[in-house]
Amino acid sequence: MKKIELKFEKSDTRLAGFPYGRAVYDQQVKNNIDYNSETTIVFPVQIEKVASSFVQGFFADIIKKIGYAGLERQIKIVAGTPELVNSIKKNIY
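Per the numbering used here, the sequence shown starts with residue 1, numbered consecutively.
Everything labelled a hint here was simulated from the structure, so no lab data went into it. If you're wondering where the values come from, they're calculated on a predicted model, not measured in any experiment. Incorrect hints may have been included.
For lysine-lysine, the following BS3-like pairs were computed, each having C-alpha atoms within a straight-line distance of at most 27 Å [what the hints assert, rightly or not]: (1) Lys90 to Lys64; (2) Lys30 to Lys65; (3) Lys3 to Lys30; (4) Lys89 to Lys76; (5) Lys65 to Lys10; (6) Lys3 to Lys90.
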């Protein structure tokens, strides 16, 4: 199992924008993800809100490679609150 801890500026509490989500994926996840095993993606505790546009940009390449079923099976999302995890998951679709 691989664990990827996302890093943002301490002042960043909200994430938005498809291009920004894509850029964060490209910079922090793309070369670290293993599509052959479970991966945990950890959002830092200071992140309070994640817009659907960010989520769609961030997960676009993952969905393209392993599909929605693969994402559900192989990617675990961890965030500061269960509500934020649920919101991120809901916005993937």
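Taking the hints in turn, this is what the structure says about them:
Between lysine 90 and lysine 64 the CA atoms are separated by roughly 18 Å; this keeps the pair inside 27 Å, and the hint holds. Only pairs whose Cα atoms come within 27 Å are accepted, and lysine 30 paired with lysine 65 is accepted, the gap being roughly 11 Å. A C-alpha spacing of about 13 Å is found between lysine 3 and lysine 30, which places the hinted pair at or below 27 Å, so the restraint holds. Restraint check for lysine 89 and lysine 76: the C-alpha separation of about 10 Å stays at or below 27 Å, so the hint holds.
Restraint check: the Cα-Cα separation between lysine 65 and lysine 10 comes to about 31 Å, which exceeds 27 Å; the hinted pair is violated. A C-alpha spacing of about 21 Å is found between lysine 3 and lysine 90, which places the hinted pair at or below 27 Å, so the restraint holds.
Of the hints listed earlier, the one the structure fails to meet is number 5.
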